[in-house]
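Undergrad: Since chain X is already given, all that's left is putting chain C on it; use the hints.
Number of protein chains: 2
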Amino acid sequence: MATHPAHPVPHLTTALTGPLHQLETVIIERQALIESWFRCQWHTTPAPFYASVDLRNAGFKIAPVDTNLFPAGFNNLNPAFEALCIQAIQLAVEKSGGPTTDRIVIVPESHTRNLYYLESVRVLRDLIDKAGFEVRIGSLIPDLEGPMSIELNSGEKLELVPLSREENAVRAGEFVPDLVLLNNDLSAGLPAILEGLEQPVVPPLALGWSTRLKSVHFGYYQQVAGEFAERLDIDPWLIDPLFRNCGEIDFMKREGTACMQINVDALLRQIQRKYDEYGVDSKPFVIIKADKGTYGMGVMTAHSAEDVLELNRKERTRMATTKEGQKITKVIIQEGVYTHETWGDANTVAEPVVYMIGNNVVGGFYRVHDKRATFENLNAPGMRFERLAFDECCITPDKHQSPDAHPNRFYTYGVIARLALLAAAREKANL
Amino acid sequence: MATHPAHPVPHLTTALTGPLHQLETVIIERQALIESWFRCQWHTTPAPFYASVDLRNAGFKIAPVDTNLFPAGFNNLNPAFEALCIQAIQLAVEKSGGPTTDRIVIVPESHTRNLYYLESVRVLRDLIDKAGFEVRIGSLIPDLEGPMSIELNSGEKLELVPLSREENAVRAGEFVPDLVLLNNDLSAGLPAILEGLEQPVVPPLALGWSTRLKSVHFGYYQQVAGEFAERLDIDPWLIDPLFRNCGEIDFMKREGTACMQINVDALLRQIQRKYDEYGVDSKPFVIIKADKGTYGMGVMTAHSAEDVLELNRKERTRMATTKEGQKITKVIIQEGVYTHETWGDANTVAEPVVYMIGNNVVGGFYRVHDKRATFENLNAPGMRFERLAFDECCITPDKHQSPDAHPNRFYTYGVIARLALLAAAREKANL
Chain X
1 MATHPAHPVP HLTTALTGPL HQLETVIIER QALIESWFRC QWHTTPAPFY
51 ASVDLRNAGF KIAPVDTNLF PAGFNNLNPA FEALCIQAIQ LAVEKSGGPT
101 TDRIVIVPES HTRNLYYLES VRVLRDLIDK AGFEVRIGSL IPDLEGPMSI
151 ELNSGEKLEL VPLSREENAV RAGEFVPDLV LLNNDLSAGL PAILEGLEQP
201 VVPPLALGWS TRLKSVHFGY YQQVAGEFAE RLDIDPWLID PLFRNCGEID
251 FMKREGTACM QINVDALLRQ IQRKYDEYGV DSKPFVIIKA DKGTYGMGVM
301 TAHSAEDVLE LNRKERTRMA TTKEGQKITK VIIQEGVYTH ETWGDANTVA
351 EPVVYMIGNN VVGGFYRVHD KRATFENLNA PGMRFERLAF DECCITPDKH
401 QSPDAHPNRF YTYGVIARLA LLAAAREKAN L
Chain C
1 MATHPAHPVP HLTTALTGPL HQLETVIIER QALIESWFRC QWHTTPAPFY
51 ASVDLRNAGF KIAPVDTNLF PAGFNNLNPA FEALCIQAIQ LAVEKSGGPT
101 TDRIVIVPES HTRNLYYLES VRVLRDLIDK AGFEVRIGSL IPDLEGPMSI
151 ELNSGEKLEL VPLSREENAV RAGEFVPDLV LLNNDLSAGL PAILEGLEQP
201 VVPPLALGWS TRLKSVHFGY YQQVAGEFAE RLDIDPWLID PLFRNCGEID
251 FMKREGTACM QINVDALLRQ IQRKYDEYGV DSKPFVIIKA DKGTYGMGVM
301 TAHSAEDVLE LNRKERTRMA TTKEGQKITK VIIQEGVYTH ETWGDANTVA
351 EPVVYMIGNN VVGGFYRVHD KRATFENLNA PGMRFERLAF DECCITPDKH
401 QSPDAHPNRF YTYGVIARLA LLAAAREKAN L
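As they're listed, the protein sequences go chains X and C.
Quick note: the first sequence uses the numbering used here, first residue 1, plus one each step.
Quick note: the second sequence uses the numbering used here, first residue 1, plus one each step.
Chain X extracted, bound-state conformation (with noise of 0.2 Å):
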């Protein structure tokens, strides 16, 4: 895991903090309220495996802005909250595959030279193996042969075991797991091996980007988000960010755009109106992406609808194609929300990524960049951003510390995330 930072709180450098100041306070105050109605939501709608949550804080809102239900990222988490994990994933692992689950299989990325995301699966190897399962990385890759061992820049070793398949099981090497722990996000496609085995794979194949649909999480998420903001009488558009959704895009042909235009110029109009209301002087924008898929290619800004009639082919060529090739004919546009966090001097933008375990919060770190304006995407080709591990692990609320001192931001990023991650569970009831 990352070595722990000293100062891991960035500030949030804005003077619109009067909603979210309010956000705070009843998150706090309603604690166990809280607590209890995810309580009640999870007995009904078990938690995926595991998921990471990215957050933008705004300083008028909080909202999740991607669910990875395959979170890579393993070793950005503080140490000191090791043993957190190791607990949470005992209790994953047993209601996924029940009390008898000994042997399990982690099916990671196919990429072996990104070392960077072989450091997370080999964290994650390592605290599966403390908390007591025999674990072995099993490979997609289609032309490995043999046992493959990497090095990773850490010094750690990493074993890559070809997957094969025996009627209805599969194995890595003589190795025949009793669960299959997909790390993958099945954005190249769903891998036959996998389909139709007789051990549970967790998350299950069809919450891979090959089915799943981000206009679909984010409908669950309104849907979540809505019945929440109830419970605590406040306004959902605090914790969620408008979206809409146009089928059958192609950039290339520039077909769909008149759909994009027409929908990005209503998200504008309705975020400006959420501006007024609440006196929030920025300039709306919105974020189209990829509808399937992982951040990469396909994320772009609109301050206008212009800006979609405006691209020019190079840039029509990097929205045509997700990371992995594959075509893009469905978006997502979604609101933009200010990150008003920063990290030493002004310039620096810090985003939370806040990390779960089954349905419990086990840390997180902030991705920090200081070249980026507020408005850009952290996660996007070719940036560079530090990690800085979260200092408090977001499940200790301190009632005696005010509602935005540390412990209760981060509980208040645990709980945002929390929607997010129970808007994914049902996703995944809803298969």
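Simulated from the structure, these hints should not be mistaken for lab results.
Incorrect hints may appear among the rest.
As the list claims (entries may be wrong) - For lysine-lysine, the following DSSO-like pairs were computed, each having C-alpha atoms within a straight-line distance of at most 30 Å: (1) X:Lys314 x X:Lys327; (2) X:Lys330 x X:Lys253; (3) X:Lys314 x X:Lys330; (4) X:Lys95 x C:Lys95; (5) C:Lys330 x C:Lys399; (6) X:Lys157 x C:Lys399; (7) X:Lys399 x C:Lys157; (8) C:Lys330 x C:Lys274; (9) X:Lys253 x X:Lys314; (10) C:Lys314 x X:Lys95; (11) C:Lys95 x X:Lys399; (12) C:Lys253 x C:Lys274; (13) X:Lys283 x X:Lys314; (14) X:Lys274 x X:Lys327; (15) C:Lys157 x C:Lys253.
As the list claims (entries may be wrong) - Far from chain C, some chain X residues (derived; all Cβ distances over 12 Å): (16) Leu33; (17) Asn114; (18) Leu232.
Said to hold, decoys possible - Among chain X residues calculated to face chain C with C-beta under 10 Å, some are: (19) Gln31; (20) Glu35; (21) Ser36; (22) Phe81; (23) Gln90; (24) Val93; (25) Ser96; (26) Pro99; (27) Tyr116; (28) Tyr117; (29) Val135; (30) Asn360; (31) Gly363.
For each residue, glycine too, the CB sits at the ideal point set by N, CA and C.
TA: Using the frame of chain X, we list chain C on its own:
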């Protein structure tokens, strides 16, 4: 919680670490097998709500000597593991009362002057509060007419609310709990107000000292240790204190002395045979203690059968009653396990105490004392000791390090403590 000590790991100062090293090696090597076994055990026999287990590390064996099902001392745990406790409490409450449990009343011991104990109740209350439950302290103090606020040495306040009953529901003032959490060992007897409640009471009343017997617990422990030892192919004596018991003793009338003498003598011979087998060059001793009730008055050390005969009137008086003033009529005679962990200078003795919530180990502390001999009982009347929070939470074994490295030694402590917890789980299942 306690301030985090700088170097909280006592040293093992003994040459007799052959069998221990072997035990620690086996435990680290077979960690996955051990955890698999525990998972099945907890599935069959759920753990009590919480427990603390006093261990003794003799260098050649590690064994539990007391299992407390109504633990105090939460204020001595390492604050770094607060989140681990919170997560474990969420799970333990759900297992005890189901997902709709929102309101919890803690029923503590009735002494109001032991501010040290009340500090533990305060920490337990805060942990439950942070875990997202409404919590009150419901007092059994007979003459308490309304809420009483007690200011603790930490500056925190604790409000005791008198318990009342309406038909089969108990309440603390207007607060009607969904779950009653006992933190009272019932040495003073079964309180009628808690009998036959419609609300679940955890741990169950029958696990209090008004009915429980140490000899029954250690009988189950013997069974558990035997099964565990067989699975790991080790001698169960390395983790199990031998014991015998005597019923119907009257120390004042010198009745039952013959039975005690016979058992003390037989037990000392049994220990000597094991010492011979392992080449332990120490003098065997036994601990005689009340079979019911917490540690207190009725505890003595004997190195020979004659020690029982030679009790003077003062010693007999001390042995005749528990600290609650109840007559001792049954005793357990347990193999004395030397304490070979020392702290700082070689005359300072350290005994580990491990804490569990549900079946999750959440840390512990060392009782440290620099005046007593290695064969005496550190938890004895009038004695003073320091408490040093564990630096490790006992669930993060590290196979890259030697079997006796800190995370691994603490992991071993957590394993042995869980064996005692499993014995308590079997007691509970067979009530």
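Undergrad: May I ask which of the numbered hints given earlier this structure violates, with the numbers listed in increasing order?
TA: 5, 10, 12, 14, 15, 16, 25, 27 and 28
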